[in-house]
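Let's have the full structure, built from the sequences with the hints guiding it.
Chain by chain, the residues run as shown.
Number of protein chains: 2
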Amino acid sequence: MLKARAAVQNLPTYDPPLAGRDGLRLDFNENTVGCSARVIARLQSMTAEEVARYPEREAVEVLVAEHLCICRDELLLTNGVDEGIHLLCETFLEPGDEALIVVPTFSMYEISAAATGARTIRVLADDDFRFPLDKVLLSITQRTRLIAIANPNNPTGAVVEGRAIESICAAAPHAAVLVDEAYYHFYGQTVLGAWRERPNLFVARTFSKAYGLAGLRIGVLTGACPAMAMVRKVSSPYNLNSVALACLPTALADDEHVSNYVAEVRIGRERLQEELRAWAIEYWPSQGNFVLFRGGELNQPFIRAMRQRGILVRDRSADPGCAGCVRITIGVAEQTERLFAALHESFDEIGLKQPEAV
Amino acid sequence: MLKARAAVQNLPTYDPPLAGRDGLRLDFNENTVGCSARVIARLQSMTAEEVARYPEREAVEVLVAEHLCICRDELLLTNGVDEGIHLLCETFLEPGDEALIVVPTFSMYEISAAATGARTIRVLADDDFRFPLDKVLLSITQRTRLIAIANPNNPTGAVVEGRAIESICAAAPHAAVLVDEAYYHFYGQTVLGAWRERPNLFVARTFSKAYGLAGLRIGVLTGACPAMAMVRKVSSPYNLNSVALACLPTALADDEHVSNYVAEVRIGRERLQEELRAWAIEYWPSQGNFVLFRGGELNQPFIRAMRQRGILVRDRSADPGCAGCVRITIGVAEQTERLFAALHESFDEIGLKQPEAV
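Top line first, the protein sequences correspond to chains A and B.
Here the first sequence is numbered in our numbering, starting from 75 and rising by one per residue.
Here the second sequence is numbered in our numbering, starting from 75 and rising by one per residue.
In short, the hints are calculated from the structure, not lab data.
These numbers come from a predicted model, not from an experiment.
Check the hints yourself; a few may be wrong.
The list treats identical chains as interchangeable, and a pair is accepted whether it falls inside one copy or across any two copies.
[As the list claims (entries may be wrong)] Listed next, the in silico EDC-like pairs over lysine to aspartate or glutamate satisfying Cα-Cα at most 20 angstroms (straight line):
(1) Lys77 / Glu168
(2) Lys77 / Glu172
(3) Lys427 / Glu371
(4) Lys77 / Glu240
(5) Lys427 / Glu349
This is how it looks when you write it as structure tokens:
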């Protein structure tokens with residue numbers, strides 16, 4: 075009888091929403107206004123001939139490498155960051171190995187690691203979701219072959235300093251250290267290029283967030299040339315679609331669209347955090363395009379009340395340390411207005427009172 | 075020091091053309107006229123909001139399943155057939171296992187199998203590239219966990235009967251048997267649905283060939299529900315891009331575009347085979363949208379001569395049993411005219427003479 079590998083049999087089925095997300099979608103950390111109009115113009119100029127052809131990623135990889143000021147061999151375009159994570163796991167992990175992650179964090183690290191048969195070692199974040207550097211260093215063993223760090227972290231918005239990342243790379247030279255900078259634009263700090271000192275460092279970026287291209291599936295995995303050569307061996311040559319490849323140069327050329335959007339999100343993030351303070355709601359300062367806060371027992375009624383008002387937010391209460399927590403993606407100014415209106419109505423509906431101003 | 079898994083270290087680097095395929099491209103078995111105009115119209119109607127959103131494949135999977143007259147749980151949309159192959163290898167193969175393929179064939183089976191650390195057992199096709207059923211049956215062992223069969227086969231165009239496939243499934247119930255029907259439309263016969271009798275059978279289809287959507291990366295992997303549930307565990311929820319998902323229903327609705335194209339290709343295939351007979355060139359009758367023939371020592375000069383005339387054809391001389399062979403993709407009538415003109419000029423240039431008519 076046909077049986078999957080033991081590691082696959084033991085995998086849970088991951089079942090995220092794949093349909094029916096109607097409303098103002100503040101649940102997936104997407105760009106809430108969409109990509110640059112110039113990108114859409116390029117997309118709309120696609121011909122039947124371009125679509126019929128197998129994707130040719132070479133020239134576009136050169137452009138992206140130039141944009142990031144790195145060599146082409148230090149970079150691989152991936153079908154979203156998801157594929158980059160998957161490729162790293164496939165390249166470095168086997169049964170008996172350990173993959174180290176700091177929880178709560180993005181779920182795909184653990185899913186892709188588990189598929190290889192490796193054991194996931196989960197290190198719980200320190201108080202207030204601060205990065206637990208000491209515990210991470212103590213958890214490194216000879217079997218550690220992957221350490222995945224989202225920076226800023228999702229869903230907490232917490233960050234880790236470049237120096238801490240370097241010390242992890244130094245302490246685990248036999249492990250691939252992935253720094254997932256999907257939310258880089260909303261933070262502004264990076265370890266890109268640090269693999270020249272630390273050849274086991276990989277950095278991932280995405281065009282799904284600040285650039286508003288989640289639908290096109292464009293991730294970037296970067297690292298030292300020898301390390302990337304290993305990853306490239308397990309990657310498929312036609313992983314990126316032609317529309318993504320056609321649109322990417324245009325997206326890179328319209329820096330202004332991205333920087334304007336990012337600026338608005340940062341203001342919205344500050345405003346939401348102020349608002350949560352005013353309501354005495356526990357939240358965690360975020361460097362992403364989202365804020366995590368604790369609704370406690372009122373979490374589920376709050377999420378329902380928001381949905382009734384046409385706003386989707388993401389329940390994170392199943393994440394470690396996140397009981398009763400919800401994550402809200404930040405959009406632009408008028409969306410923040412709409413969010414606040416719904417927030418106030420929902421708080422009212424669920425019986426949450428604003429404390430007296432002191 | 076960072077090291078890839080042993081299986082990855084041993085992998086060769088696969089380096090197909092990823093740029094610079096200028097001319098009439100008869101080298102990749104793509105659709106030579108492109109997709110339906112209605113698909114392009116749908117593509118051009120994509121909005122920034124649609125592009126910003128994570129892909130939602132559920133509703134489209136329902137439609138494709140209906141189109142194929144199977145249940146939704148029997149199907150997974152994949153990022154090209156390449157991803158389907160990769161997922162099957164990942165689900166079923168581990169070091170020590172055996173993957174059985176009949177060579178020459180499509181290269182990705184061996185590449186994806188090797189990445190898992192499994193051993194590839196290559197069974198050489200019989201004379202004239204006929205399917206070596208007896209040798210395949212004899213090569214099945216307790217460690218066989220994957221058997222990959224392209225039907226029609228690429229690059230030979232040979233086919234294998236449904237009954238032979240069933241006997242393989244029956245002889246290796248512990249192995250996943252993949253029948254890759256990428257060229258189904260040019261052949262017309264299928265084992266789709268036969269997994270209801272043979273629960274270890276998987277069938278792959280693609281929208282890259284007859285439908286002209288290679289750039290959008292749309293494969294379909296089908297199989298029995300329990301088997302597909304295992305595969306789904308290792309798959310990424312956002313593997314298909316939103317443009318592909320938006321265009322797919324339109325592509326399915328325009329059956330006429332596909333059937334007209336397929337009819338023209340079949341006529342062109344017959345004409346090219348006649349022409350090769352007239353020139354006394356060894357070729358193999360094909361059920362794909364391509365024909366393989368042996369140029370022998372004149373193969374390289376022929377490929378160069380064709381390129382000088384703006385026509386790309388694919389050298390297959392490195393494939394087992396294919397020394398001196400070239401594969402030409404068939405297009406529509408006026409492309410066949412252009413092909414014939416270049417063919418005659420090239421034959422003339424390399425000094426190939428047409429035998430006297432008898």
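Here is how each hint holds up against the structure:
Taking the shortest alpha-carbon separations for Lys77 and Glu168, both the intra-copy value of 19 angstroms and the inter-copy value of 12 angstroms come in at or below 20 angstroms. In this assembly of identical chains, Lys77 and Glu172 lie within 20 angstroms of each other by CA distance solely across copies; the values are 14 angstroms between and 24 angstroms within a copy. With identical chains, the CA atoms of Lys427 and Glu371 are at most 20 angstroms apart within one copy only, with a shortest distance of 14 angstroms there and 86 angstroms across copies. Taking identical chains as interchangeable, the C-alpha atoms of Lys77 and Glu240 lie at most 20 angstroms apart only when they sit on different chains, with a minimum of 19 angstroms there against 42 angstroms within one chain.
When the C-alpha separation of Lys427 and Glu349 is checked against a cutoff of 20 angstroms, the pair qualifies only within one copy, where the shortest distance is 13 angstroms, while the shortest distance between copies is 85 angstroms.
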